[in-house]
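Protein chains in written order, with my numbering: chain X, 1 to 251; chain B, 1 to 273.
Bear in mind the hints are in silico, worked out from the structure with no lab data behind them. Some hints could be false.
[Said to hold, decoys possible] Derived DSS-like pairs (lysine-lysine); straight-line CA-CA distance at most 27 Å:
hint, chain 1, residue 1, chain 2, residue 2
1, B, 140, X, 40
2, B, 76, B, 175
3, X, 159, B, 175
4, X, 159, B, 136
5, X, 220, X, 245
6, X, 159, X, 176
7, B, 76, B, 54
8, X, 49, X, 206
9, X, 206, X, 29
10, X, 40, B, 175
11, B, 269, X, 159
12, X, 54, X, 206
13, X, 191, X, 176
14, X, 159, X, 40
15, X, 168, X, 206
[What the hints assert, rightly or not] Here are the in silico distance ranges between beta carbons for each label pair:
hint, chain 1, residue 1, chain 2, residue 2, range
16, B, 257, X, 157, 45 to 51 Å
17, X, 90, B, 137, 23 to 29 Å
18, X, 90, B, 157, 19 to 25 Å
For glycine and all other residues, C-beta sits at the position ideal for the given N, C-alpha and C.
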Amino acid sequence: MAARYDRAITVFSPDGHLFQVEYAQEAVKKGSTAVGIRGKDIVVLGVEKKSVAKLQEERTVRKICDLDEHVCMAFAGLTADARIVINRARVECQSHRLTVEDPVTVEYITRYIATLKQRYTQSNGRRPFGISALIVGFDSDGTPRLYQTDPSGTYHAWKANAIGRSAKTVREFLEKNYTEGAIVSDNDTMKLALKALLEVVQSGGKNIELAVMRRNQPLKILESKEIETLVEEIEKEKEEEAEKKKQKKSS
Amino acid sequence: MALQNICGLKSHSGQGVFGTMTSQHPSRIDHFTFGSKCQEFALPVGADPVGFLKACSGENGVSIDLNHGTTTLAFKFRHGVIVAVDSRASAGDYIASKYANKVIEINPYLLGTMSGSAADCQYWERLLAKECRLYKLRNKERISVSSASKLLCNMMLGYRGMGLSVGSMICGWDKQGPGLYYVDDNGTRLSGRMFSTGCGNGYAYGVVDSGYREDMTVEEAYELGLRGITHATHRDAYSGGVVNMYHMQEEGWIKVCQEDVSELIHRYKKGMF
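Work the whole structure out from these sequences, hints included.
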């Protein structure tokens with residue numbers, strides 16, 4: 001049944017599916033995990049770094065990119081498709097500044113990207129973009145925002161979300177552990193993002209890239225040393241938790 | 001296409017029968033950003049308004065001067081912004097209307113004044129009002145004064161040199177507080193504390209500049225606005241009628257009054273008549 005309805009994406013299947021869009025979502029599920037968390041004064045993006053070949057330079061492929069001084073995004077899925085979307089979004093951010101004298105709001109640029117993606121689900125001869133994006137940033141009134149888009153062109157606001165390979169596991173972890181207390185400070189928010197990724201990334205902190213954006217400050221990608229420090233803190237906290245539990249049990 | 005080559009036309013993609021890109025394919029995503037990217041009016045092939053107007057001004061004999069026949073003024077003070085305009089619409093020596101409305105109420109927090117060609121001002125500022133409404137629907141918040149004035153300015157720049165005559169002040173109250181911008185047909189866009197436009201502006205500047213104090217009370221500011229317009233209408237032939245005055249406050253604008261200048265001038269110049 002499906003085989004007849006996935007050629008041209010402008011065709012609905014009898015039970016109302018757009019199969020190309022759903023196949024694009026499968027492509028996203030094959031991409032490496034990305035997580036985004038909205039804190040009080042900070043927004044954090046974390047991605048799973050793919051291990052590079054021996055001769056490959058490490059930093060040529062970045063999965064976290066800034067769209068403007070106050071907005072950035074991470075994606076999961078086809079890197080080449082993401083490059084096109086990011087380019088269009090960057091141009092739109094500057095175009096908005098030129099025509100309207102104001103920086104874009106995070107919602108505006110998310111809506112732009114979502115509309116761009118939707119256009120590709122409704123034209124002949126084109127396939128949808130195979131990426132989901134997590135767009136974070138601060139509006140000019142200082143409110144932090146996190147949005148997620150998917151290949152169908154829908155977008156939603158989130159407090160914390162994950163996309164890509166093990167998104168479900170990470171999201172469940174976040175649902176359990178995202179509380180007001182967990183994001184009390186910038187450091188805590190960063191550690192929460194790291195903890196969420198460590199659930200699904202093998203070989204720990206070496207394969208994680210973390211980026212933060214604070215109000216009125218540009219995107220900052222953490223160096224591996226800083227990530228290691230945070231990982232050590234997390235380990236220490238885990239040990240302390242384990243100790244406390246032991247003591248409770250014994251008493 | 002041979003005819004196109006002879007005429008020296010460059011063919012761009014998206015060009016219709018007429019010269020400019022007028023067709024807006026509804027599924028283009030640009031349409032949801034800002035309409036000023038595409039020209040509003042089609043120009044016939046071969047039309048060159050810029051060249052024509054250049055030939056008409058100055059030493060070549062025929063001189064077409066586009067006057068901004070009006071007086072409008074606006075100034076910021078401690079308690080907001082005062083906007084005062086006259087109401088005479090003139091066509092050369094003929095007074096076409098004594099009670100023209102030269103202020104467009106875009107929304108409860110935005111006003112636009114008009115001076116120059118009545119048709120141009122009315123059309124472009126109504127178009128601006130449409131864009132402001134669309135902005136509010138799409139972005140769920142009111143447009144800022146800065147953005148609104150920038151949109152009007154972009155519209156003017158699209159037709160620069162082609163004979164538009166618009167001298168407008170965009171006045172409002174947004175998140176950054178009271179805003180006042182002057183926008184004209186050259187594409188000038190200036191933010192400031194006080195502007196006056198139209199051919200009576202010199203007289204208005206004189207009166208308001210000498211009477212202005214930052215710490216004026218609201219009543220004093222109303223008086224100053226009325227005086228500015230009244231004295232300008234007294235001396236300038238192309239201004240007259242009534243003074244329409246608005247006060248832009250944090251909660252929105254209010255229309256203060258509509259007073260006949262002939263009564264006002266007698267009040268201010270007791271003993272002269």
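Legend entry - List of violated hint numbers, smallest to largest: 5, 7 and 11
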